[in-house]
Amino acid sequence: MAKIKTLADLKKMKEDLQSKVDVRERSNTPESYVQIKVGMATSGIASGAKEVMDFLIEALEKRNIEAIVTQTGDMGYCFAEPTIEVTKPGEEPIVFGYVDTQKADEIIEKYIKLGELVEGIIPVNYQVIDEDK
Amino acid sequence: MYLLVCGGTGCRASESESIVENFKQELENKGLQDEVQVVTTGCFGFCEKGPIVKVQPDNTFYVQVKPEDIPEIIEEHVIKGRKVERLLYEDPEKKEHISDSKHMDFYKKQIRIALRNCGFIDPENLDEYIARDGYLALGKCITELKPADVINEIKESGLRGRGGGGFPTGLKWEIASQNHADQKYVVCNADEGDPGAFMDRSILEGDPHAVLEAMAICGYSMGATKGLIYIRAEYPLAIKRLKIAIDQAREYGLLGENIFGTDFSFDVELRYGAGAFVCGEETSLIHSMEGLRGEPTIKPPFPAEKGYLGKPTNVNNVETYANIPVIINKGANWFNKIGTEKSKGTKVFALAGKINNVGLIEVPMGTTLREVIFEIGGGIKDGKKFKAVQTGGPSGGCLTEKDLDTPIDFDNLLAAGSMMGSGGMIVMDEDDCMVSVAKFYLDFTVEESCGKCSPCRIGNKRLYEVLDRITQGKGTMEDLQRLRNMSNVIKDTSLCGLGQTSPNPVLSTLDNFWDEYVAHIEEQKCPAGQCKDLMKYEIIEENCVGCTACARVCPVGAISGERKQTHNIDTSICIKCGACIEKCKFDAIIVK
Amino acid sequence: MEKVKLTIDNKLIEVEKGTTIYKAAKELGIDIPVLCYMNLEDLGIENKPGGCRICVVEVEGRRNLAPSCSTNVEEGMVVHTHTMRVINARRTVMEFILSDHPKDCLTCAKSGNCELQDMAVKLGIREIPGQEYAEMSEYKVDFSPSIIRDLDKCIMCRRCEMMCNEFQTVGALSAFNRGFDAAVGPAFEMDLVHSTCTYCGQCVAVCPTGALTEKDHTRDVINALSDPTKTVVVQTAPAVRAALGEEFGMEAGTLVTGQMVSALRRLGFDHIFDTDFAADLTIMEEGTELLGRLTKHLSGDKDVKLPILTSCCPAWVNFFEHNFPEMKDVPSTARSPQQMFGAIAKTYFADKINVKRDDLVVVSIMPCLAKKYEAQRDEFKVDGNPDVDFSISTRELAHLIKEANLDLNTLPKEDFDKPLGESTGAGVIFGVTGGVIEAATRTAYEVHTKKKLEKIDFEELRGLDGIREATIDFDGTPIKIGIAHGLGNARKLLEDIKSGKSEFHAIEIMACPGGCIGGGGQPLHHSNSEILKARTRAIYQEDAGKPIRKSHENPYIIKLYEEFLGKPMSEKAHHLLHTAYFDKSKKIEIS
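Top to bottom, those sequences are chains A, B and C.
Each residue of the first sequence is one higher than the last, beginning at 5 in the numbering used here.
Each residue of the second sequence is one higher than the last, beginning at 900 in the numbering used here.
Each residue of the third sequence is one higher than the last, beginning at 1499 in the numbering used here.
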């Protein structure tokens, strides 16, 4: 990785990175990826988030679903750990709580594959600062 | 189409289950079961207006839905595509119905500034941070702004320290910038010590770069090139992610020599604490980093004059730093529009205790306790009655029903007899004995006192002992007088913030729950039924059939009675183990 | 200096910026009670952790009370020192402190001389509310040869810690445990004997309570005096006579040499001798050693170790054995006067009076607690019998005298016995910082230059500065002399020697502030440095009044060499009057 030497370097890099993300999020094409974020803060890991993440990576690969599984920090819903956020191409992200491997399996089979919602959705109830830019 | 029905405890209590049933039935009746899916969700955090039904994908938000409203929703909305106006949320000010939940005030209850990236980005991937404006603020500061401009921006923003003290951050930086020395230090206090608090840990685990970036900005503004993060060794994941973040930032040239091609250099190192509560106090923290005993010294001199290794040092906590890049990017004038007159921005709270949605929230200053507890927090568990909320960690006070509509900010909480603290918020219900609660917190401060000054070292112990005796039914009314006097003196004379606040739980419970104390003393009764020593097991004559089951299970032989005759418990022998109650099939034994 | 105006108890005062409220109030004659605070002005020793919170005062505009000992004055400040809020707070805090303090004043070594007791009286404490169920700290009592630690009585004033770490740089005492269990002691709660403690006793000298006291040997002394088969000999150190009077209500600095001798005689000691005699003997040995090394050095011998360091202070000996074992061949090998006395008493004198060694008991009266440890060192025993049997402090002697219903105020002045009671002014000044080196200089000058000293007083070697230096003209040869009192100051000089930066020929080191007059066994100064100064004056006064003021002119010393020792540094002298040092740096173990 080359060092960022100027503010312009950083801005350029940011735009490149953002457009990559945008392409991923906004495209409606079937070949685009499903994105899954797993809350991997201490509270999440303590309630089994790591297992769930491993399961998701393995299961999605086995079932030939193109997806990106990443870790992220605390989503704030500690009462419902482990929590994951699933973003299907062209759709709003949905947060699922109390996700164990069984639930993860159900999410893949019903929501990701068939578009059916499953129990355990955590409605997002906060504002993100980017929205009122 | 989806119909999302809130399955939170509050809504469930108000019939959300029969709503789901009715929906399914009605859809089947109309033959729509394959096109429309009904799903129960977690709490929307708007329990006051429950039960909630949300229709997707059009985001329509129905409030206070009753089972009998279901046919109308199906008929009008699902089939005809017309919203049911009367069930929409009405804006209390504009008196207008709002259909799209995103435009509801309710969604503005939580604004995520410090937590902006938590749960969004991969904390171990710097690219994701950069994609969300990461290090732009640092770049802007060191290439476009003078140090004094940065300080002014922070001062202008009105940001106050989130660690508990509420000292204006910009002013702190300014003082540190005005003290000249060959070396200065930027310290991040990540020694989160309040029981039940995990705001700082979550930020470090979810968004470590935000803190690094802010520390570099602070370093630039005050003329420091070294940053130190004092983090408790019990936070291994946060430590791991910080280490990764520091390495990545160095690799990208965002930490180290000549950042952004300027002559500004800054680097960050970690220092580990052993998790002593008092080390959250900045002078103790500095002594601990120096390898000395973690105990406070009298201020002045403030760390800004003489801090780490005797050099000017700025200490802020994690959450304070996490706000900095946003303030720089969006401007002080954006930030200072959020919050109350004297407390700007948002505050992260760790909601815990007898509350449904235990978790991490971030609300603008000025949000009321009621909104936090009953809306965002989803109300009290198991439909119990709210009794008190403890803010400010172990040294905060217990606030009650009458304080629920107090807008949360530094000054209001202080005026109400509690404090902001670092953001712990523990909710109590009718089953909590407030004398025991005060005792619990005192137990903590007795453990965590460093022992340097006598009021905190000995006084807190004495407070604990008196409280302990009251919970055992051995208290006297004079003890209450003593409790108050000791508490006031400990507050008045202790050396550091720990002792100056540790009696708060005692004083606030004395103020708000006087009767409960009196009941323990005069009636030898714990109204919440928590104090074991005050419990009495009794057999209700009319229910007892004389089956002898209780007498046989009693480990100390406290129960006597002939077969088929009413039994009797000798309370002087009874050890209150509860075995008899479990055994009795006739509900004949009660605890008084 | 910038001035600050403020109001204390409605009185306007102007003081220097940086002054504390406590000091400003003192200038106004307002007495704010202080407990943990301690200040030995002129010695640069100040303890103000702000821990006890007894000295709190009300400052208008502040939310909480402020500790006056550690809060600096500010322009326009309005202070109230004795409002009801303050009085209630002080009393309540004092009740807290006492609630965790044993009430065994009847048998406490500090009873009657206890700052905590005095404060309880001052604040009108009559009962401790809740005492019946108040848990109290419990620690095991630590007995060492010199010092007893009873931490149940520790009030966390941290004075001992400050003396041990900052002034002495010994580092044996520091706060351990947290919260209610916090106290001050060696790391890992080790016993003192396993620590780096030098037994200087400065912790005891400043302890406001009975937490740190000396190991009391008065019972042993009574036993010896009561035993008809024993001949009991006593030696008194120079600094004792300048301070003992304080225990009898006399003004600090009152010399009580004659009264002390008469008290000792009435107590039943068979022979009352003077450690000053042994001090003269020390000068003969140490001075000769110094001159020997110096002559070699001046004649170009590169192997000779210089500077020579004095070795009469036992705490200092312990200090370098612990901290600078690699330099253990630098200090003089001369034993301390106490031990020289013991060795001569149990040989030369025992023979003279025809008493068997085992039947002769040597008691020393010392201003020092390290002397207790020194007396029981193995190298100072012959077949298990120590040269000095019991070393008691000035304070213990005062107790014995009072116990015998004697009063120094009314006793006649009497003289020491002969032969070991005769001494010179040089022996007397061993009791103050700079005194040993001045005494040595008086003798070394005359021996080296073979000329009579014109002016006996070396003012340039006197004073209270922690480190002093002077160059004495030995008839054309400049001799550089360094003086340190306080082991922290000693450490600085030692580091210089170690790094080769030192240019001194001779260095005197005393562990205690002001020398032995400020020793750990002296009447408590209660942080009044004027007392130390008055004792110093008394010592020089005794010196000035002596007919003989140079050790080598002491006729009984001359006689001792003629009859017994031969000459300084002779084989016999070597055997009886010199010693070797040991590496104690690795002896620290956790019990």
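Heads up, a few of these hints could be off.
[As the list claims (entries may be wrong)] Computed from the model, here is a short list of chain A residues facing chain B with C-beta under 10 Å:
#, residue
1, Met44
2, Phe59
3, Ala63
4, Glu85
[As the list claims (entries may be wrong)] Lysine-lysine pairs mimicking DSSO-like chemistry, simulated, CA-CA at most 27 Å apart:
#, chain 1, residue 1, chain 2, residue 2
5, C, Lys1524, B, Lys1198
6, B, Lys923, A, Lys117
7, C, Lys1638, B, Lys1205
8, B, Lys1205, A, Lys54
9, C, Lys2082, B, Lys1205
10, B, Lys1424, A, Lys18
11, A, Lys18, B, Lys1431
12, A, Lys18, B, Lys1205
13, C, Lys1638, C, Lys2082
14, B, Lys1431, B, Lys1280
Since the hints were derived computationally from the structure, they do not count as laboratory data.
All values reported here derive from a predicted model rather than from experimental measurement.
The beta-carbon is built from N, C-alpha and C at its ideal position, and this holds for glycine as well.
Status of each hint after checking the structure:
1. Taken as an interface hint, A/Met44 checks out: its beta carbon lies about 8 Å from the nearest beta carbon of chain B, inside 10 Å.
2. Interface restraint check for A/Phe59: the shortest CB-CB distance to chain B comes to about 18 Å, outside 10 Å, so the restraint is violated.
3. For A/Ala63, the interface hint is violated, since its Cβ never comes within 10 Å of a Cβ in chain B; the closest pair sits about 20 Å apart.
4. Interface hint status for A/Glu85: upheld, as the beta-carbon distance to the closest one in chain B is roughly 9 Å, under 10 Å.
5. About 22 Å separates the Cα atoms of C/Lys1524 and B/Lys1198, which keeps this hinted pair within 27 Å; it holds.
6. About 23 Å separates the Cα atoms of B/Lys923 and A/Lys117, which keeps this hinted pair within 27 Å; it holds.
7. Proposed proximity of C/Lys1638 and B/Lys1205 is contradicted: the alpha carbons are some 39 Å apart, above 27 Å.
8. A threshold of 27 Å between alpha carbons decides the hint, and for B/Lys1205 with A/Lys54 the separation of about 44 Å lies outside it, so the pair is violated.
9. Only pairs whose Cα atoms come within 27 Å are accepted, and C/Lys2082 paired with B/Lys1205 is rejected, the gap being roughly 37 Å.
10. Taken as a hint, the B/Lys1424 and A/Lys18 pair is broken in the structure, with Cα atoms around 65 Å apart against an allowance of 27 Å.
11. Of the supplied pair hints, the one linking A/Lys18 and B/Lys1431 is violated, its CA atoms being roughly 61 Å apart against a limit of 27 Å.
12. Note on A/Lys18 and B/Lys1205: the hinted pairing is violated, with a Cα-Cα distance of about 39 Å set against a maximum of 27 Å.
13. Taking the CA atoms of C/Lys1638 and C/Lys2082, the gap is about 25 Å. The hint holds against a cut of 27 Å.
14. A hinted pair counts as satisfied when its Cα atoms are at most 27 Å apart, and B/Lys1431 with B/Lys1280 qualifies at roughly 23 Å.
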